[in-house]
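Chains A and B are the protein sequences, given in the same order. In this text, residue positions in the first sequence follow this note's numbering: the first is 1120, and each later residue adds one. In this text, residue positions in the second sequence follow this note's numbering: the first is 5, and each later residue adds one.
Note that these hints are calculated values from the structure, not bench results. Don't take every hint at face value.
Derived BS3-like pairs (lysine-lysine); straight-line CA-CA distance at most 30 Å [claimed, not checked]:
| hint | chain 1 | residue 1 | chain 2 | residue 2 |
| --- | --- | --- | --- | --- |
| 1 | B | K113 | B | K204 |
| 2 | A | K1142 | B | K207 |
| 3 | B | K25 | A | K1154 |
To give an idea of the chain A side of the interface with chain B (calculated C-beta under 10 Å), a few residues [what the hints assert, rightly or not]:
| hint | residue |
| --- | --- |
| 4 | L1133 |
| 5 | G1145 |
| 6 | A1152 |
Glycine residues also receive a C-beta, built at the ideal position from the N, C-alpha and C atoms.
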Amino acid sequence: MKHQNFPNNNDEILSLEDEKVRKMIGDLKRIDAPKDFDFRLKARIANATSTNFQPRFLPVLRYILPLSTILVIFVFVILNGLYFPDNQAVSLVAENIPPTNIEQKSPLVMPLANEQVVAKDENLVVEDTPIKQAVKPLADKPQFMAVKSPTTNPKKNLIVKDKKDNGGGSRDSALSVSPINITPKGIDLNPTQANPPNTETSKPLNAQQILSQLGIEAVFSDSSWKVKAVDSLSKGSGVKVGDVIEAIDGEKLTDKPLSAKTVEVKKLTILRGAEKIEISLRINK
Amino acid sequence: MALDKFENLGAEVLQTTVSIKTLSDHALIESAKNGDEAAFAEIVHRYRNPITNFLYRFLNDYEEAVDLAQETFVRVYFALERYHTDYAFSTYIYRIATNLAISELRRRKRRKLVSLTGLFQYDNEQPQDFHPPDEKTLPDQNLIDSEQSRMIARAIATLPEKYRAPIVLRDVEGKTYDEIAQILELGLGTTKSRINRARKLLKEKLKNYF
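Construct all of the structure, not just a fragment, from the sequences and the given hints.
Laid out in structure tokens, this is it:
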């Protein structure tokens, strides 16, 4: 095949060697497409049309779908923060409930806890709603007294009283209604039977009973309580055999029952020889 | 009566064929956009050999060149709606072919990187690329019959990618500097410089033939 005379080759001035190189390349035989090129091409286009068909909106959806999902999540988080600022309080109350008490408590525990907090606020008066009446006997349980809502704005707890507000929008109002409907099987809601033994209403304890619960064996002699033995429970407290226990939490011990109606001892006053020692007790849970 | 109809139909078909042959590339593209398959077939007919030849000189592999030439037309077919007549159609289709060829070269290079080269390397030897010889009988084997032609083709194939495309477009396809600059999306000076550099490299590789 002859070298092709390109129309624009005249505008370049080449050295002899460059011209020879250009001529050698230009003299290369031209390679044609195979005879079945058109047929194969048609098949390829048909195949690509059937397999690689993508609607035009697909590339758009590829970006819009993730973006819209992220946007929805973002809006949900923002709205959740704006309209339910007391979410933290609700969760903290739930966390403060000891796990062992969950089964004992009826679903009415949550509104009860909130109502107690409201009642502690002097500016607020808790109305005597049917819900409160139903759970009123449970209000004396000390475990419920320990549950404190960290809610700083007492006005928010007014929602508890609003029994007509069933139209949504407030989690407190939802909680005030829902416990009645989700009572699990096997739990008797009769408040008279649901009252557990209460330490405040039980019989007062004498000094020996209290000390034995602390792991201290003491006998009453010469109008004083002398320590006879200390078990492993109280060895770390510093109480020794021979000590004379004068008082518990500041109340002098006699052979009569203590006026305190609780076994929660915080401080022991001990006479060791001529020395008077005060021992603070810490109960490990 | 019936024969007259056939004669008239034959005249119309002939007229259509003639008119398609005389249409410009842009006019054919416009017709193809409107669903005229004959117009697209005419485009294929016009460019299948130049594109195949260009790709063969670029890649030095006939089967790969044919495959990429077909892929070029497939791309053109599916991008008919997006084609603008700002450039000549030949520039457009050569740009697609060049980009495909460059992509293929880079794919080969990646393949080479993870090839079995290391397995064939011994302690005292320099690493060598694993190039199994292509034993297939090419359709143009009877055309590339001289040793010189083979060596020139190999010399072109060993040029760096950035020099190979302009020299093939210039000296094999006979494109002007302006066209090459548009196809490769380079400046005119850069294009000329690369072609000149490519010639010098080829001169060194082919010095035994001078």
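To see whether the hints hold, each was checked on the structure:
Annotation: proposed proximity of B/K113 to B/K204 holds, straight-line Cα distance about 24 Å (limit 30 Å). Using a Cα cut-off of 30 Å, the hinted pair A/K1142 and B/K207 holds, with the two alpha carbons roughly 12 Å apart. Between B/K25 and A/K1154 the alpha-carbon distance is near 20 Å, which keeps this suggested pair within the 30 Å criterion. Hint status for A/L1133: holds, given a least beta-carbon distance of 8 Å to chain B, under 10 Å.
With its C-beta approaching chain B no nearer than about 5 Å, A/G1145 sits inside the 10 Å limit, and its interface hint holds. Interface hint status for A/A1152: upheld, as the beta-carbon distance to the closest one in chain B is roughly 4 Å, under 10 Å.
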